[in-house]
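Protein chains in written order, with the working numbering: chain A, 1452 to 1900; chain B, 5 to 550.
It is possible that part of the hints are untrue.
[As the list claims (entries may be wrong)] DEER-style ranges, computed between Cβ atoms: (1) A/Met1485 - B/Val323: 31 to 41 Å; (2) A/Trp1855 - B/Arg479: 55 to 65 Å; (3) A/Ala1735 - B/Gln365: 50 to 60 Å.
[As the list claims (entries may be wrong)] Sample of chain A residues facing chain B (criterion: CB under 7 Å; computed from the structure): (4) Gly1469; (5) Trp1522; (6) Glu1523; (7) Glu1572.
[Unchecked claim] Below 20 Å or equal to it, Euclidean Cα-Cα: the simulated DMTMM-like pairs (lysine to aspartate or glutamate) are: (8) A/Lys1738 - A/Glu1556; (9) A/Lys1738 - A/Glu1782; (10) A/Lys1738 - B/Glu452; (11) A/Lys1738 - A/Asp1781; (12) A/Lys1738 - B/Asp454; (13) A/Lys1712 - A/Asp1672; (14) A/Lys1712 - A/Asp1667; (15) A/Lys1738 - B/Asp453; (16) A/Lys1712 - A/Asp1670.
Hints listed in this document are in silico derivations from the structure and should not be mistaken for laboratory results.
Using N, Cα and C, we set each Cβ at its ideal position, and we do this for glycine too.
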Amino acid sequence: MTGAVAARPGRIVIGTLGLDQHEVGAMAISHALMRHGYEVIYLGRFNTPERLAAVAEQEDADIVGVSVHSWEFVSYIDELLARCRELGIGLAVGGSVLTRQDQAELLTRGVDAVFGPYASEAEMLGRLQEIVDRVRAGDTSAPSAAAGGSRSTAGPLAGRVVIVTGAARGLGRAYTHELSRHGVAVVANDMDGDALEEMASAVRDVPGTVHTVVRDITDPDAPRVLLEAALRRYGQIHGVVSNAGVLRSGPILRLTDEDLKLLLDVHVTATFRLLRVMGNYWRAEAKAGRTVDASVVLTTSSAGLYGFRADAAYSAAKAAVAVLARVAADEMSRYGVTVNAIAPMARTRMTRWLGDGAASPADDPLAAEHVAPVIAWLLGPDARDVTGRVLEVGNSQLSVPRGWQPGEAFTLPPLMSLEAASPLLRRALAASGPPRELLTSERGSDPQS
Amino acid sequence: MTGVAPQAVAATTASGIPLRPFYGPEDGVRDYAIVGDPGSYPFTRGRRRRPGGQAGGWIQRELSGEGSPRRSNEQFHALLAHGALGIDVIGDNPTMSALDPDHPICIPAVGTTGVSLCRKQDFVELLEGIPLDRITLSHSLPAAFAIAGQYMGCRPNGIEPAALRGSAIQAPLYSEDCSYSTFLPYAIRMRLCLDSIAFSLREMPRFHAFLEDTYYISDGGLDVVEEMSLGLLEIREVCRRLIARGLPIDAIAPRIAILVNCRMDLFEEVAKIRATRRFFARMMREEFGATDPRSWSANIAVHTSGLTMTAAQPSNNIVRGALQALAMAMAGVQGLEISTFDEPFRTPSAIAHQVAIRTQQVIQTETNVSAVEDPLGGSYYVESLTDELERRIDAAMRHIEGLGDIQTLVEDGYFRGVFTNAMDRHSSAVQSGDLRIVGVNEHVVPPEDDTFLHDVAEERFEPDHEHVERIQSWRPSRRGAPLQACLERVRGASADARADLMGPIVAALEADATIGEITGCLREGQGVPADPFTYAAQRQLTAVAQ
Chain A
1452 MTGAVAARPG RIVIGTLGLD QHEVGAMAIS HALMRHGYEV IYLGRFNTPE
1502 RLAAVAEQED ADIVGVSVHS WEFVSYIDEL LARCRELGIG LAVGGSVLTR
1552 QDQAELLTRG VDAVFGPYAS EAEMLGRLQE IVDRVRAGDT SAPSAAAGGS
1602 RSTAGPLAGR VVIVTGAARG LGRAYTHELS RHGVAVVAND MDGDALEEMA
1652 SAVRDVPGTV HTVVRDITDP DAPRVLLEAA LRRYGQIHGV VSNAGVLRSG
1702 PILRLTDEDL KLLLDVHVTA TFRLLRVMGN YWRAEAKAGR TVDASVVLTT
1752 SSAGLYGFRA DAAYSAAKAA VAVLARVAAD EMSRYGVTVN AIAPMARTRM
1802 TRWLGDGAAS PADDPLAAEH VAPVIAWLLG PDARDVTGRV LEVGNSQLSV
1852 PRGWQPGEAF TLPPLMSLEA ASPLLRRALA ASGPPRELLT SERGSDPQS
Chain B
5 MTGVAPQAVA ATTASGIPLR PFYGPEDGVR DYAIVGDPGS YPFTRGRRRR
55 PGGQAGGWIQ RELSGEGSPR RSNEQFHALL AHGALGIDVI GDNPTMSALD
105 PDHPICIPAV GTTGVSLCRK QDFVELLEGI PLDRITLSHS LPAAFAIAGQ
155 YMGCRPNGIE PAALRGSAIQ APLYSEDCSY STFLPYAIRM RLCLDSIAFS
205 LREMPRFHAF LEDTYYISDG GLDVVEEMSL GLLEIREVCR RLIARGLPID
255 AIAPRIAILV NCRMDLFEEV AKIRATRRFF ARMMREEFGA TDPRSWSANI
305 AVHTSGLTMT AAQPSNNIVR GALQALAMAM AGVQGLEIST FDEPFRTPSA
355 IAHQVAIRTQ QVIQTETNVS AVEDPLGGSY YVESLTDELE RRIDAAMRHI
405 EGLGDIQTLV EDGYFRGVFT NAMDRHSSAV QSGDLRIVGV NEHVVPPEDD
455 TFLHDVAEER FEPDHEHVER IQSWRPSRRG APLQACLERV RGASADARAD
505 LMGPIVAALE ADATIGEITG CLREGQGVPA DPFTYAAQRQ LTAVAQ
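If we strip away everything but chain B, and leave its shape as in the complex, we get (with noise of 0.2 Å):
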């Protein structure tokens, strides 16, 4: 019996779900049906790894890119030397803006939190030897232009296109609003979303494009139900769209990914996922129709969260994110992601890369936690809180599209509200002592005594002016005709709702086009100024006088 009585103090779970002191039988898996085995419908407890397939396989990989494209290039040799099975390449803050870095406001940043890219070339330099048909690379890069690039960049190293895998970040809805902005109206990000994904489909069809990244949207402080309900209802209106262009969802589904957030109450991120996977079956087969197992089971890889990392005592960093790993290994994910300890000061160190990968293969090879699929299936708990999660998601879900059409919640600015809300809540947590953080608000050391890793976190770089001038001294020399004639078919192209988006940005690029200057023509398309802080200013200034 779960009678008990009532305890002094409520407990929850970090998203706010009432706890009692022990779960028993009545709280777990009534009907098994709901639940059902791995590598079945629908899906809680994961996909079955192939016949044959490695035991407790994921893919492990770390955030990478730092520099000039040929510098990150020698960083992803390094990491492959180390045993990493795929890439994830983090694009600086003006190629995350979708900006060249000879752009003024560009210039103090390039090169510092990230790969700067803005070129053909630069997707050759940084893809030059690298084993792009037994690897994964994933792109955490504005999409189109990050698969337009591999695509570009495969053919020099002898692999077709078509042999590609990995994955690139959709995130029509949210970018603006968090950490991705590319200066882009909401249509135009919603085009090249859809046709970068019709595509890859076509071209690439072996590489998710469409990567539905719930981590960046929640690491501000969204709890897992936001989460979730968010990175959902992307996942909704995006296949909604493709469907309605004529494309089969059993062509999109199994191209779809996820990128989920993992924080530190453990058990929630597990029932997180087992309910993620559960919805995204129940989505795909009976809201769209999906008929192919393949379209039911939700692929999902995890980053764990950097808001949970902090700069006081770096070194605990390294066993927050061992925890973080564990639990995510025993969720059964199909990718893994540590933030490395230094997350707080900068992108990772190469030691921190090594620490991170270490941790993997510590939990891979010596801990034998995933040698069976979902080990932590018909816990009495997992599977309430699963059940629970599940439900509130949907709720969430339901109330946000209660509220209106998307497109008008997103200009009208009602999921920024969502985002500056949660990023408020977990601050004043912090700072209330009501969210517990060892060496932040307990525990803590002074920080003249706290020392250890901090030369490591706080080694910084220098703004890469050398790849400036290289990009400077590289424009003059481009051919002039056919570059404009390419430009000008992408501002066209940008101006009719209906035209391809793709076919003229890989035209430009091909034409030695810079991301800048396409994305320039995008905006003018749309009648928007083409420098993107002209732009950007008049809506803020807007947005100010409101």
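Here chain A stands alone, though its shape is the one from the complex (with noise of 0.2 Å):
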């Protein structure tokens, strides 16, 4: 035997949070992790966040865990778990006041281990147990979205973890500052890495972080890696916004192959792909028993609604973004995912036409910083009741479309003869009225006028 190595005992930091002062739980599995052969730290009540990580920084601790008795632990799990990934521990949480939704909770938030009222020893010892391989291997010290900035991480979307496509510039870049400034650590993704990285550095002094990913969103296996960078890093994910985005504008006449194709593949078949991949990572997470709570934002646009001149290619492929976005949700919702769609009106690369705006967004009504808000809201848990909806943001404006509404009925008559058909069709095409201009350059940025 003289070649083993006896391991380190596994050391953990045991204790209630707040006012809570039943000790019950945590005295049990104390005693229970010393028979054990663990080290505990036991820290008895009345702790903070702040104390509990602080002993576990200065006793080298692998674990902290947490019993509860009180609803208190609601209040201070955020703080904790940011501490927690800081340091590069684990943090496990236990009691039976947690119910199944409490645990499935604190769990997509990032705790390591949560114990109900029906956890046995034998399977909490083995929980721990692989907590503490995970932290000596280093593996959890994932930091979460919280651990990058000395802000407060208080607020409904603190903790979660969003994948941004298109992230570089535009849109997507104004999507990750507002995400990270709200606490979320945000998976960015763009083509052209100089620019992902200049847009990442500019993210500082904020409760959130991101984590830069290279890739072309119309490589097949792009949604798969985005995934897994996510999981990788942070464990969890939340929320995918699809902003990918490209203009190949030309009528139909004139359109090459080749820019028809990049139309497509940027804008549906890349967001399908994102969908699927999500989709069943997040379908197989509601399988296991997990709560998913869970966002898909797609990116539309009115040329997609309402039709542009001379862009019939880009605006059937947003069209088929803003009907991906319905089906999706329908499919979806049964997992906990919802997917809407917006259509963003703001001064990009994409919109040059636009021409140059306020140096200030605050003077831009265009500035692309006036729609990221509505994408923070989308992801966070006031709209989980919002699925299948397109909404049109920009130039000091919100709106949701109608849409393709069916227009008024008309019988139609069995094996019609063509004299017949003139006078229905006629009726019915009034009935319906003029149909919409279609949205053009000249007549500016405002779909609605």
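Make one complex out of these two single chains by using the hints.
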């Protein structure tokens, strides 16, 4: 046995939070762990996240274990989690007041192990050992969204993990900056690595973090790569903003196959693949009994809703995205996923025809920054009941387009003659009113006018 | 004859008393004088009901209090409308810790596990319209403030303090080591206990100012011998000190009540109550020289064990509560509260309250078990167990007293060790299956099939931030000068070991001081930081460093 190296026993800091004075559970697990060779630093009652983490750091612990018998834990868990992540140590929470929903939510937030009223000692020991092993291997040093900054992480989006495609410039950049201000961990993707790094380096002194992944979104592996990056780094994924876009303009008579293919690949095929890969992941999570609380935001365009003059292929691709959002919403709702689309109006590389705006976003109604809060809201807890919707936003306006609606119905006679067709069709067309005019760059930016 | 072959497996009671397959005449009462009739010394068989009193009566009550004082007041009215004869009001975590709701550490907990109380107006709102002269109000709150609050809260209802009935939990020895920590040093805890009892004896003579609560100390897993030996030790210690102040034992003893636990070994729990009554009678008469028979007969109420309630299959808890309540009805207790079926999850919901009250009503009105006093008296087994428990409780007390004086034991953490060992023993027994619990380690169903009553049990309410804001916006409206003068008096009284604390505390509450401010001054008078969290953190860091 001379070659055997005795492993240092697992070391765990245990206590309750706030004014939760029930210690039975904390005491029980402490004694059980000590019987199984753990080193337990028992802190008893009246702890704050700061104190638990400080002692864990000082004692070089592998895990912080919190026993809860009061709902106070809800107020402390995000801060505690952020502190544990910062230190690269695990967090386990247990207590009989934890409902199944609580347990799922804690796991989603990133707690490493959660034990409810049914947990057996053997199960707890097994799970805690797994965490010790992972921590020792350096795996759970995965920073949470909140670990990067010193700011408060409170807020509805804090700790969520979101993928943003096309994040280097324009709207994607504005979304990434806005989300990171709310404490979100953004997995930012773009094919332009330099611009992406420049965007990420501008994210400073905010509670959230940005992790960059350079990849062409039309690469069939791109969605898988993004998902794996999110899971490897943050252990979870709560949302996707499919924002990457490209513009190739030209009348139908002149648009090349190459441009057509690019437009369809970027807007339709890549978006579809992203939905398929993410949807399958969330479906598996839901099937495994974990609560999924995820949101997807796709990017359509007023061109896709109303048509844009001389942009038939772009308009058709964006129309496809709008309908994709509606059908995907229906398909994924059973797994806890919302899918919506926005039609943004902003001054970006793709809308150069809008010209230059004011230097400060506050003075420019077409600045991308004005669209970003809508994205943040759609990804947050307040929008859990919003799915399958298309929102048009920008230039100081927000609207929910009514979309294609059935018109007034007329009886269609069986085997109608051509003579009968004319008056019927004329009546039906007249009842629907004149067709909406296409959008044009000359008409400016407001499709509603 | 009881001579039988030894059993293959040694059966014991929950506390480990060896059991034989059956008991016979020589195990039972050898000398009836040491049992005595109901209403006669040594009160093994309990009190005799008052002439013309209601047969088999006990005070039925339920634990209550949630959210703001007004919301709890509505809850009280609902409980009384259901036929409750008493109310047991419990504070939320901040109130139990004598902290104000707007202290940063408190905000996440305000009103979620009890009522939030921190000022005179809160007590007035809590008690509005409650017929305090007809029902009993038991306080599971820091006692000095509970007594002061009820004293001040009754007058707006047109009721004089002299008419008040009910009880307040005095826990000077054990509160810091269990779940009633108020972050006060031992010396000041004991003085608050003694001063508030003396105050109540003078101002509220019908009120049980000394409720010895062995429920809360034992529900981490203490057995019946540990529970009652610690409880009777605390009674002895407090009585000695009150007598040393010149109060006659015959004024003190009738105002003592004991709130005990009831777990699932039902005969042992019944025997515990009978042994406790006998022990108490002897302590009062033989040790303290009480001559009034009312001083000898213990007033015992029960709160059935929350620890025996399981998160698995909550409907089973209704059965457990009914069995425990039946046993306690047969033991002849003066008051009874059943831990509700949702106990593992939350403070009681309205429906769980109703089930608990109805359980008591069914037992009292339909079963006839309490038609005669002490119906189990004379059972060979119960009498044998009563004798054995009395012996063991006495031996345990002698053992502890042999270890040193009580104050040293408290300050050295001896009792903390008793509590933590019991918690470990209990959880190990559950995990190993030595303690068999239906639905937990036997007859388990998968969580996904265990849904009945979970919707009620898992309902949850938010901290009452509105009440926090109410307190925050109220603070600046107080008159500063008289308030500061009153607080200074509290600080001064705390620093003077011979000063009375209740007078300054009542005056400070009348001047709109908060409980948090007053306890802060009590701490400062003892030379420790006013903010309890600074104080607690200091103590704990010392403990960690050891």
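Checklist entry - A/Lys1738 and A/Glu1782: Cα distance at most 20 Å? => result 15 Å, holds
Checklist entry - Holds or violated: are the alpha carbons of A/Lys1712 and A/Asp1670 at most 20 Å from each other? => result Distance of about 13 Å is within 20 Å: holds.
Checklist entry - That 31 to 41 Å hint for A/Met1485 and B/Val323 (C-beta), does it hold up? => result 35 Å Cβ-Cβ, so the 31 to 41 Å window holds.
Checklist entry - Holds or violated: are the alpha carbons of A/Lys1738 and B/Glu452 at most 20 Å from each other? => result At roughly 13 Å apart (the allowed maximum being 20 Å), B/Glu452 and A/Lys1738 satisfy the hint.
Checklist entry - Would the hint on A/Gly1469 stand, with a C-beta cut-off of 7 Å toward chain B? => result Since chain B brings a Cβ to about 6 Å from A/Gly1469, closer than 7 Å, the hint holds.
Checklist entry - Going straight from one Cα to the other, do A/Lys1738 and B/Asp453 come out at no more than 20 Å? => result 17 Å, holds
Next on the checklist: Hint validation: A/Trp1522 versus chain B, beta carbon distance must be below 7 Å. Holds or violated?
Outcome noted: 5 Å, holds
Item to check | Interface restraint verdict for A/Glu1523 against chain B (beta-carbon cut-off 7 Å) | outcome: 4 Å, holds
Next on the checklist: A/Lys1738 and A/Glu1556 were given as a pair; does the straight-line alpha-carbon distance stay at or below 20 Å?
Outcome noted: 15 Å, holds
Checklist entry - Are the Cα atoms of A/Lys1712 and A/Asp1667 separated by 20 Å or less? => result 15 Å, holds
Checklist entry - Is the Cα-Cα distance between A/Lys1712 and A/Asp1672 20 Å or less? => result Given that 20 Å is the threshold and the Cα spacing comes to 18 Å, the pair holds.
Next on the checklist: So, as I understand it, the hint says A/Glu1572 touches chain B; can you test that by seeing if any CB pair is closer than 7 Å?
Outcome noted: Where the cut-off is 7 Å and the nearest Cβ of chain B is about 4 Å from A/Glu1572, the hint holds.
Of the numbered hints stated above, none is contradicted by the structure.
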